[in-house]
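In this text, residue positions in the sequence shown follow numbering that gives the first Met the number 0: the first is 0, and each later residue adds one.
Please keep in mind that the hints were generated in silico from the structure rather than gathered at the bench.
Wrong hints could be hidden among the right ones.
[Unchecked claim] Just the calculated beta-carbon pair ranges, DEER-fashion:
1) LEU9 <-> ILE72: 27 to 37 angstroms
2) ALA46 <-> THR100: 18 to 28 angstroms
3) LEU64 <-> TYR101: 32 to 42 angstroms
4) LEU67 <-> HIS110: 42 to 52 angstroms
5) ASP4 <-> ILE96: 24 to 34 angstroms
6) PHE57 <-> ARG11: 20 to 30 angstroms
7) PHE71 <-> LEU9: 27 to 37 angstroms
8) VAL27 <-> GLY62: 20 to 30 angstroms
9) LEU21 <-> HIS110: 35 to 45 angstroms
10) ASP60 <-> VAL31: 31 to 41 angstroms
A virtual CB, placed ideally from N, CA and C, is assigned to each residue, including glycine.
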Amino acid sequence: MGFRDDILKLRRGNGISAKEKLLLQTLVSLGVGIYLLYFDPARAEYATRLSVPFFKEFQPDLGFLYLLFIVFIIVGTSNAVNLTDGLDGLAIGPIIIATLTYTGIVYICGHSNLRNTFASNT
């Protein structure tokens, strides 16, 4: 979508409007959510449960709200990166920071010793 927007800016002087971008992002993320919810071959019965780091017992099942959650995450992440990026095109810096943060969370959740250390209530 960004490439098409840039091409339209070069040809017509204005690109895709903000409403059109948001609509396209929502439709694409809705498609991804529907695929993950209904057509993913690796889908298990717990696929719609939300795992909250450091709270082992708290895993709410989002059910149908999972689809809205996926749309919110994809559209929100996309727009957060675009807003942070600005006009300089250097979005890789914040992306690296976010990726390292999520990598740390996944690492901690995957190692029982660290997970138990952070999740203990004592």
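Hint by hint, here is what the structure shows:
no.: 1; hint: LEU9 <-> ILE72: 27 to 37 angstroms; in the structure: holds (31 angstroms)
no.: 2; hint: ALA46 <-> THR100: 18 to 28 angstroms; in the structure: holds (24 angstroms)
no.: 3; hint: LEU64 <-> TYR101: 32 to 42 angstroms; in the structure: violated (22 angstroms)
no.: 4; hint: LEU67 <-> HIS110: 42 to 52 angstroms; in the structure: violated (32 angstroms)
no.: 5; hint: ASP4 <-> ILE96: 24 to 34 angstroms; in the structure: holds (25 angstroms)
no.: 6; hint: PHE57 <-> ARG11: 20 to 30 angstroms; in the structure: violated (50 angstroms)
no.: 7; hint: PHE71 <-> LEU9: 27 to 37 angstroms; in the structure: holds (32 angstroms)
no.: 8; hint: VAL27 <-> GLY62: 20 to 30 angstroms; in the structure: holds (22 angstroms)
no.: 9; hint: LEU21 <-> HIS110: 35 to 45 angstroms; in the structure: holds (39 angstroms)
no.: 10; hint: ASP60 <-> VAL31: 31 to 41 angstroms; in the structure: violated (20 angstroms)
Hint compliance for this structure: hints 3, 4, 6 and 10 are not met, and every other hint is.
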